[in-house]
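Colleague: Please put together the full structure from these sequences, using the hints given.
Protein chains: 2
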Amino acid sequence: MRIEIICTGDEVLTGKIINSNFSYMAQKLEDVGLSVHWGTTVGDDRDSLLAAFRMAGERADAVIVNGGLGPTVDDLSQEVAAQAAGVGLVLDEAWLVRMEEFFARRSRIMPPNNRKQAMLPDGAEFLDNPIGTACGFALTIGRARFFFTPGVPRELRRMLEEQIIPRLLAMAGLQGAIFLKRFHSYGLGESHVDQLLTGIEAMVPDGGVKLGFRAHYPQIETKLTVRGRDDDDIRAKLGPVAAEVRARLGNFILAEDDQTLEGVVLAALTARQASLALVETFTAGAIAARLAHLPGAEHVVYRGVIARDLDRVPGAVGLSHLLLTDAMTQDKVEAVARAARDAAGASHALAVLIELDAGADRIDLGGTVWIAIAHPDGTSHGGVAFRRSRIVGGREWVRLGAAELALDCLRRFLQGLPVVERIDFEKV
Amino acid sequence: MRIEIICTGDEVLTGKIINSNFSYMAQKLEDVGLSVHWGTTVGDDRDSLLAAFRMAGERADAVIVNGGLGPTVDDLSQEVAAQAAGVGLVLDEAWLVRMEEFFARRSRIMPPNNRKQAMLPDGAEFLDNPIGTACGFALTIGRARFFFTPGVPRELRRMLEEQIIPRLLAMAGLQGAIFLKRFHSYGLGESHVDQLLTGIEAMVPDGGVKLGFRAHYPQIETKLTVRGRDDDDIRAKLGPVAAEVRARLGNFILAEDDQTLEGVVLAALTARQASLALVETFTAGAIAARLAHLPGAEHVVYRGVIARDLDRVPGAVGLSHLLLTDAMTQDKVEAVARAARDAAGASHALAVLIELDAGADRIDLGGTVWIAIAHPDGTSHGGVAFRRSRIVGGREWVRLGAAELALDCLRRFLQGLPVVERIDFEKV
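Protein chains in written order, with our numbering: chain A, -19 to 408; chain B, -19 to 408.
The reader is advised that the hints may include incorrect statements.
If chains are identical, the list can't say which one is meant, so a pair holds when it fits in one copy or spans any two.
[Said to hold, decoys possible] Only pairs whose alpha carbons sit at most 25 Å apart, straight line, appear in this in silico SDA-like list of lysine to any residue:
1) 161 x 193
2) -4 x 26
3) -4 x 222
4) 203 x 192
Everything labelled a hint here was simulated from the structure, so no lab data went into it.
Modeller: So this is what it looks like as structure tokens:
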């Protein structure tokens, strides 16, 4: 089945906004085993829209049009769709009532402009928008079924998932049930993960499991798209494959599905009624900023301390006698973690001290990352886990990599996994 | 002049990467007074590429093609371009030598694959790539001039600016000199800025100045595109308009051109040999993370302290007797700023304490933001500047808005401007 996407709007065409709706839609379709064959971007211009609709209507089986359903005069999708299909516009009374209720719930009167959003091409199939005033609709133009969607990302997302993808799967004659399983890992490069998972798709002989990746440094997302007759069939297929992925990627899997690394760390601390102190240098708050704003973190993250200059770290944690910069040692970093923990009255502390190379930013600029985790277990005044690593690749690469490595070390420690395990992103 | 953009590559078409090259190119063209009329996205597929090139060659005057110039078998741009133009491929000897030198400088032998990158359609005009192995080229297909560019963003950017835009301006018969002036502001909404700048374009009667905006909450970018005979003409046109923009937006302009708010704050502190302590709560390191990783910040940002729970703020700055949560007052927030400054031994301190509304995240969830800046001026133990604001719009909106407001208050204080001035983003 040939699917095309048409993105409309002057803001997209002029580059005023980055078109993330396109990649979102394309990924969602890939995730269910469908593919986009062609993308078109046009502005709020009648002639361009009409030409784009007609061309896609000749080439494709299904077309998703995004944007142009708003209340203003430059929102032209309904009008041009009707023209391309050779029909008129008719008022959808039910949607008009829904819109009036939408405004009434917000104690506002619906402006007369919005009435336009209830005018749909004659014969169009209504697509519900439960969270906005731009309803979608489906209509046949040429030989293709067109699906018109709102430009507001969260409205698009809901309509795509709940209404359009099921219709596309039915058109494609694909088995009804689809499930996307995701694993998030840190420490292995994409080609390394790919190699470790060789042959995993073949575990399900009917081709019902497809493997894919998405890399966004420092993490890699591994995706399994599972297709089956029904939910039971999917569970039966996914179970052994997911177990095998977990076995092969092992300790490197930091989260699954909608979980995040920082969410996993926060949940692990919360579950053991633990609390945390943080010490940062060159990451400069990047670790705290991922973790401490999350709901519930107010009961867990007791204190974060940032000292950009290593010489100022000891003073900030009440160890004024300590001198770090004559020579960093494991003992000193561990002492900093212990002191931060004690000063904050927390059960755990994560200290991340970075010796950044001197000089201007360049691709071979690196940093030595010293990580210590003070915790209440072990000896009478608690133990410390330690990890040292060297990351090379420029200032931003080091900053992002160090924040990820440190949070992942804490995740490993809290999950009882080895804190020290060779990763692809470090120099040895 | 009708310009089209064709983006190629399976990674873009499947949404695996977000197509930021498209918006970059479109914006750059807008900035010099050119417009993109149509965008096409196709994968690494011979038939799709050929169809896209032929259609654009019939419709457009100029076409920019992005991607597909790499060394691997799925990089098809040269081959399909030659086919569409009805010519063969010929070896560009000079580029082959340049590539071999490129590898030699990195102590590597050029892999045989890369030879393919020196095969250009017969008659194509060479476009230099001084920082990579994918050279660009220009070629006429149908009635349009095509410009083929590499997919690597930094290589594309340089080729677009240095080689393609001058050619497009010449084709369009536009005056040679163009200048883009940018102002960054915080606190006024886009429509408010637009209204304040009414009539500004008309100050230059020949239409040589064009006004535009780009909003990325919490900042608004105001752009003046100036066209003139030469640099002197541009300076003469821009001078009075830029002065008028500064007069009308006044204290709300936080930076110009490539400057950033955090960069301006750091420079202002550095210039007066000042140093800074930070205290954050719900922003949880977001303010420190913008400022303290910048080059030079190691001599300025002495210490940052984060306490997610307001009750833990006093202990973190050595004021254990203070109780914040019975009732916040200006006096208490000022005391926190003073204590943070003293504890860190810094000349200045910025304390940003946020009372976040209770309950689940929703659009009407807000926070009261208490900001105090302790400084060495005024009385014998220094003064404190104060600002309170209420921001509503959900957790992320409050978090980002509070970080921006706080940094901007510090910027205003350091520049001798009023710290308290009504902004559009606060509830009163």
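Colleague: What are the numbers of the hints that this structure violates, sorted from low to high?
Modeller: none
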